[in-house]
Amino acid sequence: MIPPDLSKPLEKLRVRIYEELAGLRLDQALARLLSWRTRSSIQRMIREGRVRLERGGKALPSSRASTKVQGEDIVEIRIPQRVLVDRSEGEVPDSLTILHEDPYLVAIDKPPGLAVHPSGRRLSGTLINMLHGMYRNLEDPTRDIIPKLCHRLDRETSGIILVAKDPIAHSEVRKQFEKGKVQKTYLALVEGKLADDEGWIDERIGPAERAKVRLKMAVRRDGQESLTRYKVLARSQSMSLVECRPQTGRQHQIRVHLAHIGHPIVGDKLYGPDEEFFLQAIDGSLDQEAKRRLRLDRHALHNHRLALKHPETGDPLNLECPLPADMRSLFEADQA
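Quick note: the sequence shown, position 75, residue 75 per the working numbering, numbers continuous.
Do not rely on the hints blindly, as some may be mistaken.
[To be verified] Calculated pairs, EDC-like style, for lysine to aspartate or glutamate (alpha carbon to alpha carbon, straight line, at most 16 Å):
#1 K231 / E243
#2 K212 / E275
#3 K291 / E276
#4 K216 / E276
#5 K309 / D102
#6 K291 / E275
#7 K231 / E191
#8 K175 / E275
If you are wondering where the hints come from, they were derived from the structure by calculation, not from laboratory data. Quantities reported herein were computed from a predicted structural model and do not represent experimental measurements.
Input sequences plus hints: build the corresponding full structure.
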């Protein structure tokens with residue numbers, strides 16, 4: 001079977017209604033399942049006829065926002081097609097810099113703002129879409145190289161992303177990540193001047209309670225063990241440039257830990273000045289005052305170094321990616 005071509009945009013998204021959502025309105029259920037979407041945008045999709053509800057294998061004649069859903073219902077959402085840049089010639093997009101490539105792996109300097117894989121409302125134009133286009137074999141699709149992410153970075157985080165070009169290499173590298181064998185070093189610009197030049201943040205992390213954003217995490221006693229080592233590299237008038245080495249791999253770990261000690265990452269809409277900024281950014285309603293307080297249009301976190309063993313040779317593989325221009329310029333301007 002020919003693997004799916006992720007360089008092509010998806011035409012529809014199908015989600016299943018689980019029992020806990022039974023009895024809710026269609027728009028309410030979808031708001032729970034598609035947490036990145038506002039309820040008003042979901043209602044608009046329903047009005048535009050882009051949402052179809054299936055029950056017992058049959059499509060209901062019409063779907064309204066007020067329609068009550070049942071467990072095991074299937075909701076199909078049609079995705080508007082976008083015009084994509086043609087990657088059929090296998091050229092590297094101008095926005096991507098290759099840091100390392102061999103027959104088994106490719107390491108990319110991911111720019112901020114680029115999602116690594118399709119999810120939520122970003123179902124095309126992602127890093128993995130681009131890589132599928134780059135490695136497509138037009139003459140013989142069965143010989144396509146199917147790139148697979150070895151780890152993930154948040155959309156706003158820049159820096160090294162490691163991708164396997166071979167299934168065995170992918171498995172071997174994933175094992176290293178899962179067993180904590182990969183040394184990860186991030187650079188972050190944080191608000192304020194840290195008192196200590198270096199230290200450890202040893203605080204458990206779990207889902208945030210009473211948060212407006214479901215994916216938000218927080219320090220909590222019953223959370224998972226989480227450990228981050230940090231070192232201040234430089235200080236400006238109102239910021240610190242910090243090297244962070246997470247010893248565990250919790251969701252948003254560095255962002256949560258730095259915010260917990262009173263030094264949130266510059267530009268962090270979720271853990272910074274106000275989590276409302278995160279919701280406003282999704283709707284495109286961030287005003288000038290919010291942008292002024294954030295100081296940067298993305299959170300200033302950069303995957304600077306990765307050190308691991310090469311999956312084929314076993315030799316040390318050390319990858320490094322310099323501080324990006326937006327973080328460097330902001331920090332230098334604050335030193336003046």
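Going down the list of hints, with the structure as the test:
1. A threshold of 16 Å between alpha carbons decides the hint, and for K231 with E243 the separation of about 5 Å falls inside it, so the pair holds.
2. For the suggested pair K212 and E275, the alpha carbons sit about 8 Å apart, so the restraint of at most 16 Å is met.
3. A distance of roughly 12 Å separates the Cα atoms of K291 and E276; the hinted pair therefore holds under the 16 Å criterion.
4. Taking the CA atoms of K216 and E276, the gap is near 12 Å; set against the 16 Å cutoff, the hint holds.
5. For a cut-off of 16 Å, the pair hint linking K309 to D102 stands: about 14 Å separates their Cα positions.
6. For the given pair, K291 sits about 13 Å from E275 by alpha-carbon distance, which is consistent with the 16 Å threshold.
7. Restraint check for K231 and E191: satisfied, since their Cα atoms lie roughly 15 Å apart, inside the 16 Å limit.
8. At most 16 Å may separate the alpha-carbon atoms for a hinted pair to count; K175 and E275 exceed this at roughly 34 Å.
Consistency with the previously given hints fails for number 8 only.
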